[in-house]
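For the protein sequence lines, the chains are A and B, in the order given. Quick note on numbering: the first sequence equals residues 1 to 114 in our numbering. Quick note on numbering: the second sequence equals residues 115 to 225 in our numbering.
Honestly, the hints are just simulated from the structure, not real lab data. Warning: the hint list may mix true and false statements.
[Said to hold, decoys possible] Pulled a few chain A residues facing chain B out of the computed Cβ check, cut under 10 Å: (1) Lys44; (2) Gly59; (3) Gly97; (4) Gly106.
[Unchecked claim] What follows is a set of in silico ranges between Cβ atoms, one per label pair, in the way DEER data are often shown: (5) B/Thr182 x A/Pro8: 26 to 34 Å; (6) B/Leu220 x A/Asn7: 39 to 47 Å; (7) A/Gly3 x B/Ser191: 23 to 31 Å; (8) B/Ala192 x A/Arg64: 43 to 51 Å; (9) B/Gln117 x A/Pro39: 26 to 34 Å; (10) B/Ala192 x A/Thr114: 25 to 33 Å.
Note that the structure is a prediction, hence the values are computed from the model and not measured. Even for Gly, the Cβ is constructed at its ideal location relative to N, Cα and C.
Okay, here's what each chain looks like letter by letter:
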Amino acid sequence: NAGVMQNPRHLVRRRGQEARLRCSPMKGHSHVYWYRQLPEEGLKFMVYLQKENIIDESGMPKERFSAEFPKEGPSILRIQQVVRGDSAAYFCASNRGASAYEQYFGPGTRLTVT
Amino acid sequence: GQQLNQSPQSMFIQEGEDVSMNCTSSSIFNTWLWYKQDPGEGPVLLIALYKAGELTSNGRLTAQFGITRKDSFLNISASIPSDVGIYFCAGQRGSNYKLTFGKGTLLTVNP
């Protein structure tokens, strides 16, 4: 299966803990996008990365959230000191480049903060 | 921020019926994409539209890019039970890679 992979699919964290969400893009894709989806809402853009570069993080909360896409390995979305409001589904999408408008999504990570 | 108004919010139809849903915006978009999301899964791309007035089909699905570039609609013909899910429209502006999503249309098909 050459699709976008995300893990874990479900993640439970207590308030104050750290959450790490991983995304491996589709084969041949070097551009990764992270979106957040709250219940009964559409997806909201968070951050756009290329290998070793953050291109646009305008949708990311200024504090506690960070993202990286290293030269080797998956892209990581990291949430420090999670709060209940961070509970959501986090989706990763990938494509070949910013001019390739179609973005292909992974299955998501459902984060629950207790 | 930009918003896409998607309607209807939900639809309950009988198997075999045709379905129509649409998205409108106060802003111009250069690309419209339609996705379907099943419970617990990620959105799956159904149709991509790149030109104003473009009409594109994918099996029983047909989507159109509005001539004003501020709207798009999706039709599903002869619905079947596996069409159940949430349908999202998404738009892109120019070279801006960010997708702006509507809130979705929940489709229920009664067998």
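Structure-based check of each hint:
| no. | hint | in the structure |
| --- | --- | --- |
| 1 | Lys44 | holds, 7 Å |
| 2 | Gly59 | holds, 7 Å |
| 3 | Gly97 | holds, 9 Å |
| 4 | Gly106 | holds, 5 Å |
| 5 | B/Thr182 x A/Pro8: 26 to 34 Å | violated, 43 Å |
| 6 | B/Leu220 x A/Asn7: 39 to 47 Å | violated, 27 Å |
| 7 | A/Gly3 x B/Ser191: 23 to 31 Å | holds, 28 Å |
| 8 | B/Ala192 x A/Arg64: 43 to 51 Å | holds, 48 Å |
| 9 | B/Gln117 x A/Pro39: 26 to 34 Å | violated, 18 Å |
| 10 | B/Ala192 x A/Thr114: 25 to 33 Å | violated, 45 Å |
The structure shown violates the earlier hints numbered 5, 6, 9 and 10.
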